[in-house]
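Listed below, chain by chain, are the residues.
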Amino acid sequence: LEVERKIRANDREYNLSFKYATNSIKTSKYNPFTFLPLNLFEQFQRIANAYFLFLLILQVIPAISSLSWFTTVVPLVLVLSVTAAKDAIDDIVSTHIHSLFIFLSFFPLLRGDDWEVCCEPPNNRLDRFTGTLTFNSQKYSLDNERVLLRGCTLRNTDWCFGLVLFAGPETKLMQNCGKSTFKRTSIDRLMNVLVLFIFGLLALMCIILAVGNGIWENHAGSKFKAFLPREENTVFSAFLTFWSYIIILNTVVPISLYVSMEVIRLGNSYYINWDRTMYHAGSDTPAEARTTTLNEELGQIKYIFSDKTGTLTQNIMTFNKCSINGKSYGQDQSILFELESEMTPVDFSFNRLADPKFLFYDHSLVEGVKLELPDVHAFFRLLALCHTVMAEEKREGDLVYQAQSPDEGALVTAARNFGFVFRSRSPETVTIEEMGIQRTYELLAILDFNNVRKRMSVIVRNPEGKLSLYCKGADTIIYERLHPSCSEVMKVTTEHLNEFAGEGLRTLVLAYKDLDEEYFSEWKQRHHESSVALEDREEKLEKLYEEIEKDMMLIGATAVEDKLQDGVTQTLEQLAKAEIKIWVLTGDKQETAENIGYSCNLLREEMNEVFVVASNMELEFLRTACICKTVICCRVTPLQKAQVVELVKKYKKAVTLAIGDGANDVSMIKAAHIGVGISGQEGMQAVLSSDFSFAQFRFLQRLLLVHGRWSYLRMCKFLRYFFYKNFTFTFVHFWYAFFCGFSAQTVYDEGYITLYNLVYTALPVLGMSLFDQDVNAGWSLEYPQLYVPGQLSQYFSKRAFMMCALHSWYSSLVLFFVPYAAIYDTARDNGKDGTDYQSFALITETCLTVTVCVQLGLDLSYWTVVNHLFVWGSLGMFFILTFTMYTDGLYRLRPSSFAFIGTARNCLNQPNVWLTVALTAILCVLPVVVYRFLSSQISPTINEKVRYKVCQMKEPAPRPRRTRLTRRSTRRSGYAFSHAHGYGDLMTSGRYLRRNALTCSTGLIPTGRSPGFKPTGRSAGYSPVGREQNPKQKVEPTSLQVFRAVKDSFF
Amino acid sequence: MGKKQAGTGPLSRRPDNSAFKQQRLPAWSPSLTPQTVLPTFYILSLVCLLLGIWLLITVEYTYELKVDYTDAGTCEQCFNLRKHAIDSSTPCKCTVSFHVPKTFPGDVFFYYGLRNFHQNLRRYMDSRDDAQMVGRKNNLKAPSSYCAPFDYDANGKPIAPCGAVANSMFNDSLTVMYNPTDGSKIQVPLYRKGIAWYTDKNVKFRNPPTNNTFSLQQAFEGTTRPLYWQRPVYELDDIDSNNNGFINDDLIVWMREAAFPNFKKLYGVLNRAQGPFTEGLPAGNYTLSINYNFPVEPFRGRKELVISMVTWFGGQNYFLPIAYLVTSGLILVTAVVLTTVFVKVGKKGKNMEE
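Going down the list, the sequences are from chains A and B. For the first sequence, the residue numbers in full-length UniProt numbering are 1 to 1051. For the second sequence, the residue numbers in full-length UniProt numbering are 1 to 354.
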């Protein structure tokens, strides 16, 4: 075991001597030589396969062997090879994954020198790291601040030096991934129970028959000894009979069941990959079923847990409307939607620095700017000055804003396009270009945002020397701090705000105040004192801020649209109709989350709000949440997302689906029964840990309502039919036992037993479970209610299984006793023997094959060409193979194996045989038809109703409609602004600005805390100081948080 | 999985628009509607009814007569004699009289019937060597182990044919005498050959190769007869030497094991060439004389002579006609019930429209 890791810089040989893991990650299990033994070993670890191996061993014991070895070997080999082929393909695919995972520690200017790092061995702790660096015989300590984890992105830094400490599988990421839990579907779990039950049934039948054998041997068998000498001991005979019947009746535990299920799931997964309607042309991304074992679970989803940003919304903010000094600008969105072609966006060509992607449709606003209306100018000046955005200008005129939140980015970009271009900032200044004239404002203070203040202000001195305070924030907060003279404007603005909020826009109110030089310098002094105070610093600062941010003048309000993904509202509505509960789990704060809730119609005006704040009341939370129509959880950490999912899984026993796009959704995606990843801009973590992935949230409805529903339906139909056909097949042996002295004589010939599951009945049922549809995709989407039976597990349950078994029991009775009675004491039409064992076997086989075929035809509701081919082909195959196996040639080849020679020719030309076949088929199917007809007449299910409707209409499925939902709401948003605390500090401290730090940094200066930027604008509940904003819920930092942060330990 | 690596361009990964991949294959989707189910039921009921009646009439004109001779007539003492294995070689003859009430017109078939004889026990059925019976030299000299303990005799000589099935071959010989009212006795002439399946006689059972110089007896040189047999396999038929060895019709018939413990096997077919039998088997009194060899007492079995006619439908079996009539009635009743439900409860489909 590695105790300590030693790495020397630029000393390859020394480092190689330890044989540390290399950078490639090998996820494949096999190589060509180990494949066969390893794979076989693995396969026989599966209970089912081991069971068949055990059977095989039983079959070679002559005293027990009631069936030739090949009846087990042929299916077993087939099953093993199909599985092996699948494993091999999976393995070849996974061999290609090689990734570069680096763990870095970096130091300035140590290249070429001889330095050595000594650190802890690889582990999965993301929050701590210990080690020492020895350089020129001096030791420096290394801690968590000095390492870069795999997956980090460097920001504002072009390059850095480092040393790879852990590579490949030893990186903290890989150590942290753990083994993803193997997900199983609820049908799988039910199957485990059922298989146990079947084993019980098998044992019961064998015990009954063994006892029967004991009794028979005692009474009749002993008298028959002259013709067939045997052991004296009846108990021993019964014991042997027990095992013999275990062999014969083994088909109740169908060997091909599991492999068939895998094939079906694989096929249905391919349909998802192939679905054009789930292909997103914009990003050239088709949907992908990354897990091929969970399909039918998609048809049983009861709860959806959705991330918000990037999943429901595009995480794109657009400056949509504004109200300036009582005048509203911006076009109504719904009108805009309809008249899009006629609308021309505002021409920003007068502004060389304008962002070409920015679109605005109200020309009056740009006129206002050009006319130099003071209010309009003040409005945009405020937007250009009051923010914490950073500008990067690599080439002249090519501005890139790095905004901490997309809201801010949208506002600053809007100002930029309207001629108030934010160019650059230093800790003390902000440079903007006002209508082509560059002006540098002196930045005197940033009164930063936080959750209580819900506003931020800057105090600047313009080039003319005038002091001003600019403030933006939540309407309620700002309104309290306005000068009484603004009341007229306030009234109008309030109306506008209501209007904006009604459209689901995020609003902010802007205000300013001119400051007195004397007052400010005095305030500045007090501010300085407070900010260095050791006690109550926060409160003191708070007070100071309160003091200066009052009697402000209202400028106006902005409305930013948090753009929803396409079709989100319709999708949510559809899913709600399918009685799927949707919970939105987001790291954002309440107001933002609520805002989105309204804008995608999850929340409606008439709903009452319930807030649950407590964290340690799991059950209470769950109970409350489940009463609610809509649940939106905000300020949720990634870990809590997973906990919520686990909670529902644990107490509601419902199938859950989690959908998300970001790394912070990974835990939730892994925790839920089904994880869906949106492949978007947020990187690949969510997709990589998901089971299904696609590009757009709206594809979810097709995934569930079409693919999921079909998969579930098909799997259930498959299982019901599969059990039916195998039970029926097997139970006939049971009845025959009572006529053959419980001697473990089979009813069918061995060839038929071997081929029944593999050839005669395999393809039709496979065809059914790959092609069947009760109603087509269009109708499935038209009636989301069709999804409900899946949630209630109505198609396959213990009850359905028992019905199957009962039906089989009845069918087997018919299939045994009708041929028995029909051939009793009769003869062929030429007087010769027609009642011999071989004829009886063939008659029963024919009856069985035809009956299960008819039953399949009854179950099949969608006869494609392939289904016809499979059904008729299998039936034909039965006759072809039967005749082939009974030919003279094969008999001459191996007389003992093909002893049924001539039976088919002599038997199937008899009219009474065909009359028997017809009668059994009619009798077996009759109760099923009657039951189905009666239930559809008395209490039709939703499926039957829809099918009836489809039949009546005789017209193609309706095209998916695109209805535009109009929502009117007077609800006012709070400070719906995804912004995190702590950036103001960063802006004024200037740490971020020392771009050329490399040249001036000396040695190792441990900084108290290392602020960093998150790569994206999402403030998922975390502030840049690495502290959670909600101290009430203390959770361990998860991998995801840490991966987001980039440690700039340079500065 | 299923990812297409090839091709670039903006839509390179777009799935194909084929009906198969998009699950839009044209299909026929039948469903159980009243318009299809109810007429089908009525028609099916009618079809079953007609079939049932036709079959019933057919079976009504198929005569069958069973004469149980286990311990009837003078056979009681033979029956008792055969209780003990030690007396198995003592010949015993007996006769049983019976009456045929109606003339059996046309071809008449004579079967021997056994009750409670389990030819379908697994190990009994396995106890045979098909390779030996197809005349393979190797198996003749070294029978399959499945035949044990009837594979070798006490001296280690291979048994031909080996196994329990052949060993227990039915060995009563039956002669039927017609007793017309004039007091005379006419033996009912039977074809004793051509009673086995063609495939059995010509493919499944073959004698070891012989030729003009090499007789059947020589071919079986080195083997011994089955334990319970009185004569070797190559001397089964005194009259027709071509009916000896493994291709003996009686042996072949016996070797086709019955599916159930009560069964009958073809013994002979009435030869209608002459005498009073040209039209079939005339009504009247008959005597059955038996060379009583086959013991049935140990397993509480019965032996019988079955005289039967056959039609296209086979022998006299009332099951299928009655089953079809019952099924027809059943379908009719359910059809009426379904119609009632459809009209009353289902409101002629209005239920479906909600």
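Some clues are possibly wrong.
So the derived label-pair ranges between C-beta atoms look like this [claimed, not checked]:
(1) A:LYS798 to B:VAL345: 26 to 34 angstroms
(2) A:ASN909 to B:ALA273: 50 to 58 angstroms
(3) B:THR340 to A:ILE57: 56 to 64 angstroms
(4) A:MET953 to B:VAL333: 14 to 22 angstroms
Since the hints were derived computationally from the structure, they do not count as laboratory data. Here a beta-carbon is modelled for each residue, glycine too, at the ideal position from N, C-alpha and C.
Quick rundown of the hints versus the structure:
1. A:LYS798 to B:VAL345: 26 to 34 angstroms: Check passed, 29 angstroms falls within 26 to 34 angstroms.
2. A:ASN909 to B:ALA273: 50 to 58 angstroms: The hinted range 50 to 58 angstroms is violated for ASN909 (chain A) and ALA273 (chain B), with Cβ atoms some 28 angstroms apart.
3. B:THR340 to A:ILE57: 56 to 64 angstroms: Because 58 angstroms falls inside the window, the suggested range holds.
4. A:MET953 to B:VAL333: 14 to 22 angstroms: 34 angstroms, violated
Consistency with the previously given hints fails for numbers 2 and 4, ordered from lowest to highest.
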